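K.L.:
Work out the full structure: start from the sequences and follow the hints.
Protein sequence lines, in the order shown, are assigned to chains A and B.
Residues 1 to 213, numbered by the working numbering, are exactly what the first sequence covers, in order.
Residues 1 to 213, numbered by the working numbering, are exactly what the second sequence covers, in order.
Any given hint might turn out to be false.
[Claimed, not checked] Here are the computed lysine-lysine pairs in the DSSO-like style, where the Cα-Cα straight-line distance is at most 27 Å: (1) B:K167 x A:K202; (2) B:K167 x A:K167; (3) A:K167 x B:K172.
[Stated by the list, open to error] Negatives, chain A to chain B, calculated, CB over 12 Å: (4) E43; (5) D50; (6) D176.
Quick caveat, the hints were computed from the structure, so don't treat them as lab data.
Bear in mind the structure is a predicted one, so any value in this text is a computation, not a measurement.
We put the CB at the ideal spot given by N, CA and C, even for glycine.
Protein chains: 2
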Amino acid sequence: MREVFQQELREVQDRLVQIAELVEGAIRQATVAFGSSDVALAEQVIDGADAVDQLAGELDEQTIDILARQQPVASDLRLMVGSLRMSSSLERMADLAQHIAQLARYRYPESAIPQGLRKTFAKMGEIDIAMAEKLVALLRTQQPALIDEIRDLDDALDELHAKVFEKVLSDKISADATGVVDATLASRYHERFGDHAVHITKQMNFFLNGALQ
Amino acid sequence: MREVFQQELREVQDRLVQIAELVEGAIRQATVAFGSSDVALAEQVIDGADAVDQLAGELDEQTIDILARQQPVASDLRLMVGSLRMSSSLERMADLAQHIAQLARYRYPESAIPQGLRKTFAKMGEIDIAMAEKLVALLRTQQPALIDEIRDLDDALDELHAKVFEKVLSDKISADATGVVDATLASRYHERFGDHAVHITKQMNFFLNGALQ
Numbered sequence: 001m002r003e004v005f006q007q008e009l010r011e012v013q014d015r016l017v018q019i020a021e022l023v024e025g026a027i028r029q030a031t032v033a034f035g036s037s038d039v040a041l042a043e044q045v046i047d048g049a050d051a052v053d054q055l056a057g058e059l060d061e062q063t064i065d066i067l068a069r070q071q072p073v074a075s076d077l078r079l080m081v082g083s084l085r086m087s088s089s090l091e092r093m094a095d096l097a098q099h100i101a102q103l104a105r106y107r108y109p110e111s112a113i114p115q116g117l118r119k120t121f122a123k124m125g126e127i128d129i130a131m132a133e134k135l136v137a138l139l140r141t142q143q144p145a146l147i148d149e150i151r152d153l154d155d156a157l158d159e160l161h162a163k164v165f166e167k168v169l170s171d172k173i174s175a176d177a178t179g180v181v182d183a184t185l186a187s188r189y190h191e192r193f194g195d196h197a198v199h200i201t202k203q204m205n206f207f208l209n210g211a212l213q
Numbered sequence: 001m002r003e004v005f006q007q008e009l010r011e012v013q014d015r016l017v018q019i020a021e022l023v024e025g026a027i028r029q030a031t032v033a034f035g036s037s038d039v040a041l042a043e044q045v046i047d048g049a050d051a052v053d054q055l056a057g058e059l060d061e062q063t064i065d066i067l068a069r070q071q072p073v074a075s076d077l078r079l080m081v082g083s084l085r086m087s088s089s090l091e092r093m094a095d096l097a098q099h100i101a102q103l104a105r106y107r108y109p110e111s112a113i114p115q116g117l118r119k120t121f122a123k124m125g126e127i128d129i130a131m132a133e134k135l136v137a138l139l140r141t142q143q144p145a146l147i148d149e150i151r152d153l154d155d156a157l158d159e160l161h162a163k164v165f166e167k168v169l170s171d172k173i174s175a176d177a178t179g180v181v182d183a184t185l186a187s188r189y190h191e192r193f194g195d196h197a198v199h200i201t202k203q204m205n206f207f208l209n210g211a212l213q
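P.N.:
This is the structure in structure tokens:
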């Protein structure tokens, strides 16, 4: 019985890693699609978000089932609670990658990125990808150092987010209303992606240490 | 023992209602602050979001404590799981009300709302307030009819969100880059507020019927 339970807990962790890997793939593809107006790749990301929703829904069912049958306590209970919250953040991250891909598709064959902001968005995309990679590693290895690394990346992301608005409002870039809308939304999506990664680090901290920070 | 448990479950429900009431107050004040550039009221909303975070954090602790001690099953377990998820959505709704208030404060003494969009944003604010009111009633009375009413309001909100972009991009309104950024963010915040209300209706449906829809 105890062994079955341990196996079930491992399955929950494996599924979280699996969903995080899909999110990592999605933000990687979304970044390329957004940067190069690759509409075929954008559509892959858009279609892929359903798979994440489905897996996250299945994981939630499994987690609730374990809570009901095994009535875990201490760190096992914290893993279950953390799983319910992390799956929700991973779903949102996949949604945000989808939104970034949608911006590329809406504006195709034009670029959704106004002149003068290409480098900034390339950098934001890189940081989102790095955060997703570290998140996969954190869920897999549970190394606490990764928590700080992810949070440092989020600080860098927030600075770039502020820089986008600074540029858009300074007339340093040439953008019509469409360009300003796209840049505003794209920057917000990238920034929120990072926020959810940080949210997951808090859940991992809660699981590992019993403290929500 | 059983009676203590029932009392604890009622406390969880009461706390959810209490937090939802704070969110309702926050979106109500944020709507007035945003519409009338009332910076003092905006600051009240901004300061108030911490209280929601704190209450939601305390509710989460209480919920996890009940899960560990009482090991609930069936609808009691679904209420605990739902509480963890609903508290997170309520927190985000308070954040979004805060963001709307911040837009008013940033642009003060100018209005954050471009000419030609005042009525649309007034309507979005009204709908957000109505959704928050119905959410309080749903959490308090558990009347399933409220679930559909909240979802219908969200459909109306999505239409207005699309209309904001249509107007911003059609040159029908006179807005500089700042106005376009503000309108884009404000519309997105109002729309996400509604999404979280719908998310909570799904959790209530899960609690009441065992199905996530």
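K.L.:
Each of the hints needs a verdict: does it hold here or not?
P.N.:
Now for the hints, and whether the structure bears them out:
no. : hint            : verdict
1   : B:K167 x A:K202 : 40 Å, violated
2   : B:K167 x A:K167 : 23 Å, holds
3   : A:K167 x B:K172 : 24 Å, holds
4   : E43             : 21 Å, holds
5   : D50             : 15 Å, holds
6   : D176            : 9 Å, violated
Hint compliance for this structure: hints 1, 6 are broken, all remaining hints hold.
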